[in-house]
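Number of protein chains: 2
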Amino acid sequence: MKIGFNFNPIGYVKNDVHDAKFRGWKKLVSRVVIDDTYVEALDGLEEFSHLFVISRLRLPGKLLLKRHPRDRKDLPVVGVFATRSQMRPNPLGLHLVQLLERKQKELLVRGLDAVDGTPVVDIKPYIPEQDAVTSARVPDWVHKLHER
Amino acid sequence: MKIGFNFNPIGYVKNDVHDAKFRGWKKLVSRVVIDDTYVEALDGLEEFSHLFVISRLRLPGKLLLKRHPRDRKDLPVVGVFATRSQMRPNPLGLHLVQLLERKQKELLVRGLDAVDGTPVVDIKPYIPEQDAVTSARVPDWVHKLHER
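Top to bottom, those sequences are chains Z and W.
Okay, so the first sequence: first residue is 256 according to the numbering used here, each after it adds one.
Okay, so the second sequence: first residue is 256 according to the numbering used here, each after it adds one.
Bound-form chain Z, shown alone:
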């Protein structure tokens, strides 16, 4: 038995990027524009330096349960839940971003890897005491992916 859940956008990403293959996400500054209904739910967020943005990815493409991470044939085929690929059963994106400024219903953020118009479904503050695990172990292919 399957029971689905409905989520509504609380806002949208605004930037100049329309191609998911863009390579400058880390430095990119985007705006997250929140629906008027939720403006006061942002109060206090400006005291955090980093946030998680949870998005509804817009370019889910074809769903394969296993694949080469970023289609790189030199990396092993792994399950989608072992990757951060956009092609996943529920196309939810998790983006850790730096908060530069809050202006009323707008958040100015750096490092949001989502194209212009991406719907946002949640925003959570980043709390290093519970979110930062520097000693976490990853497989070798992840190191290869981050080498440049």
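Hint data in this document are derived by calculation from the structure and do not stem from the laboratory.
There may be inaccurate statements among the hints.
Note that the list lumps identical chains together, so a pair holds whenever it fits in one copy or between two copies.
As the list claims (entries may be wrong) - When the alpha-carbon atoms are kept at most 27 Å apart in a straight line, the in silico DSS-like pairs for lysine-lysine are as follows:
#1 Lys328 x Lys269
#2 Lys276 x Lys317
#3 Lys321 x Lys358
#4 Lys282 x Lys399
Note that the structure is predicted; figures quoted are calculated from it, not measured.
On the provided structure of chain Z, position chain W as indicated by the hints.
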């Protein structure tokens, strides 16, 4: 104009906790049992020590846009997006957990703060190079919350 998205559970949390006010989450070992359809999407996950589990929180309660974090009157009233409260417009939970073992369709994890039966909508590997920001700034009330 609002456009909703439908997400289906990919699995469920199994543990002995039925009360969201439980206090021993950090040490609690839970099972995440994945739907048969997605078993192979877990392949390779066992090489990561930590994961993000994204859940559909089951006890959303009454939605207030602003509140005292954890109802503690000694902490300031802030917007829900500045908290990790369960009472949020889209009741998505983000849980960083330690992966102890994968047995086929089951993940044995430590530190999952979700009651028995909580639906899971996504699983992502934790990658410290992109997910760990030890220097992130938080407001004083967060430190008070973590004092014990």
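Hint by hint, here is what the structure shows:
For the identical chains of this complex, Lys328 and Lys269 are neighbours neither inside a copy (33 Å) nor across copies (36 Å), given an alpha-carbon limit of 27 Å. For a Cα distance limit of 27 Å, the shortest separation of Lys276 from Lys317 inside one copy, 16 Å, qualifies, whereas the shortest one across copies, 40 Å, does not. In this assembly of identical chains, the alpha carbons of Lys321 and Lys358 lie at most 27 Å apart only when taken from different copies (18 Å versus 41 Å within one copy). Within a single copy, Lys282 and Lys399 get their C-alpha atoms as close as 21 Å, which meets the 27 Å cut-off; across copies the closest is 33 Å, which misses it.
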